[in-house]
Amino acid sequence: MLAVRDTRDRDAFGALFDHFAPRLKGFIMRTGSSAHNAEEIVQDVMLTVWRKAHMFDPHRAQVSAWVYQIARNRQIDIARKYNRPIPDELAEDPGSEPDASQILAVEQETGKLKQALSTLKPEQREIIEKAYLGELTHQEISDQTGLPLGTIKSRIRLGLDRLRHELKAMRQ
Amino acid sequence: MNAITHHTPDAMLAAYAAGTLPHAFAVVVATHVSLCVHCRAALEAHQAIGGAVLDATDSVTVSDHLKSDILAQLDAPAPREVTYTRSGIYPGPVMQALEGKEPNWKTLGMGVRQSILSSNQEGSVRLLYIPPGQAVPDHGHNGLELTLVLQGSFSDETGRFGVGDLEIADEDLEHTPTANQGDPCICLAATDAPLRFHALLPRLLQPFFKI
Numbered sequence: 004m005l006a007v008r009d010t011r012d013r014d015a016f017g018a019l020f021d022h023f024a025p026r027l028k029g030f031i032m033r034t035g036s037s038a039h040n041a042e043e044i045v046q047d048v049m050l051t052v053w054r055k056a057h058m059f060d061p062h063r064a065q066v067s068a069w070v071y072q073i074a075r076n077r078q079i080d081i082a083r084k085y086n087r088p089i090p091d092e093l094a095e096d097p098g099s100e101p102d103a104s105q106i107l108a109v110e111q112e113t114g115k116l117k118q119a120l121s122t123l124k125p126e127q128r129e130i131i132e133k134a135y136l137g138e139l140t141h142q143e144i145s146d147q148t149g150l151p152l153g154t155i156k157s158r159i160r161l162g163l164d165r166l167r168h169e170l171k172a173m174r175q
Numbered sequence: 011m012n013a014i015t016h017h018t019p020d021a022m023l024a025a026y027a028a029g030t031l032p033h034a035f036a037v038v039v040a041t042h043v044s045l046c047v048h049c050r051a052a053l054e055a056h057q058a059i060g061g062a063v064l065d066a067t068d069s070v071t072v073s074d075h076l077k078s079d080i081l082a083q084l085d086a087p088a089p090r091e092v093t094y095t096r097s098g099i100y101p102g103p104v105m106q107a108l109e110g111k112e113p114n115w116k117t118l119g120m121g122v123r124q125s126i127l128s129s130n131q132e133g134s135v136r137l138l139y140i141p142p143g144q145a146v147p148d149h150g151h152n153g154l155e156l157t158l159v160l161q162g163s164f165s166d167e168t169g170r171f172g173v174g175d176l177e178i179a180d181e182d183l184e185h186t187p188t189a190n191q192g193d194p195c196i197c198l199a200a201t202d203a204p205l206r207f208h209a210l211l212p213r214l215l216q217p218f219f220k221i
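Residue numbers (the numbering used here), protein chains in the order written: chain A, 4 to 175; chain B, 11 to 221.
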């Protein structure tokens, strides 16, 4: 992803496509799209990944998280014919050097998160999938008292706490 | 600026990430996240979970031509996309809802003004302008009301809300938000159903002002 962002590397983009396109197609088809429509959305999402690559920040997100949000945004924009509200971007400090330890920390936290997801009971896992596929309202998510959302999120807490400090520093 | 103490509930952040919040609420949540590092970090956690779900999704083989189709389009000019950034006290998502224009204030009486950003069956989102010391007419809600302070502050039966604070009021809460002394209070308010006003006059005006 960084090669795509920094050097507009087409082979690297091809590798991203090979990883994400089939998953995105499966993901979008699970939300009820036909195979044909799903491929149109995959195309739209992958082109958005290419065009917005400069906005990807490995200090804050893994590629999958970033692609996930683009996919949900594009699906909604296309379905509703208007752009959904997006928070202001945080401007990266110009000239700031990449912080390898922070990038590694994000990767490790994400690894722990995936581990936590894979050890869930099937019914809990299904609820998580439904929530993030956009099949539950906020009220339904809120009513899922058995949902270990807090537990899962606490696994990535450490990285997020660090993130929070950095964001605060950027704002001051 | 005082620290933000009233945050977006976790389930709403998850629903925002997944795209299931009604539009009016999504405008408020995106605006709150623009102001609140705590909730931005929490939202990014939800995006990370969404990413993990995406990564674990069973792959479905794509058509042979899809990759070459996309690669062929990489050099095509990107469609022009208007992006809105913060202007004064209004974060990007508010400017987006205003389509880059100034608020179109309409007076509601007693110095209170509103500017409706969008309103339909799904709910409505508006800016409210309340002079210091002035109360928003006593009202209950059908459904939920989200109120985010952009300037000044207000207090009601549940506490004090300053810039960046988000109040979530359900239909059981009958409250009288009153602007505190200082700058006029400007809020972004969203409901998923029309408000019910108790005073006679506002109720008569309700259909007229879409409140």
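Calculated from the structure, these hints are not laboratory results.
All C-beta atoms, glycine included, are put in the ideal place defined by N, C-alpha and C.
Some hints here could point you the wrong way.
[Said to hold, decoys possible] These stretches of chain B come out as covered by chain A in the derived footprint (C-beta under 8 Å, 3 or more residues):
1. 60-66
2. 156-166
[Claimed, not checked] Distance ranges between label pairs, derived from CB positions:
3. R83(A) - D180(B): 24 to 30 Å
4. I99(B) - R83(A): 25 to 31 Å
5. D74(B) - A6(A): 55 to 61 Å
6. A203(B) - E110(A): 28 to 34 Å
7. W115(B) - S121(A): 51 to 57 Å
8. H39(A) - M120(B): 39 to 45 Å
9. H22(A) - P87(B): 39 to 45 Å
10. T140(A) - D85(B): 29 to 35 Å
11. R83(A) - D193(B): 45 to 51 Å
12. K111(B) - S121(A): 47 to 53 Å
13. T34(A) - T15(B): 44 to 50 Å
[What the hints assert, rightly or not] Residues from chain A that face chain B, not an exhaustive set, calculated with beta carbons under 8 Å:
14. I73
15. T122
16. K124
Against the structure, the hints:
{"no.": "1", "hint": "60-66", "result": "holds (count 7)"}
{"no.": "2", "hint": "156-166", "result": "violated (count 0)"}
{"no.": "3", "hint": "R83(A) - D180(B): 24 to 30 Å", "result": "holds (26 Å)"}
{"no.": "4", "hint": "I99(B) - R83(A): 25 to 31 Å", "result": "holds (27 Å)"}
{"no.": "5", "hint": "D74(B) - A6(A): 55 to 61 Å", "result": "violated (25 Å)"}
{"no.": "6", "hint": "A203(B) - E110(A): 28 to 34 Å", "result": "violated (44 Å)"}
{"no.": "7", "hint": "W115(B) - S121(A): 51 to 57 Å", "result": "holds (53 Å)"}
{"no.": "8", "hint": "H39(A) - M120(B): 39 to 45 Å", "result": "violated (56 Å)"}
{"no.": "9", "hint": "H22(A) - P87(B): 39 to 45 Å", "result": "violated (27 Å)"}
{"no.": "10", "hint": "T140(A) - D85(B): 29 to 35 Å", "result": "violated (41 Å)"}
{"no.": "11", "hint": "R83(A) - D193(B): 45 to 51 Å", "result": "violated (35 Å)"}
{"no.": "12", "hint": "K111(B) - S121(A): 47 to 53 Å", "result": "holds (49 Å)"}
{"no.": "13", "hint": "T34(A) - T15(B): 44 to 50 Å", "result": "violated (36 Å)"}
{"no.": "14", "hint": "I73", "result": "violated (10 Å)"}
{"no.": "15", "hint": "T122", "result": "violated (12 Å)"}
{"no.": "16", "hint": "K124", "result": "violated (15 Å)"}
Hints 2, 5, 6, 8, 9, 10, 11, 13, 14, 15, 16 from the list above are not met by this structure, while the remaining hints are.
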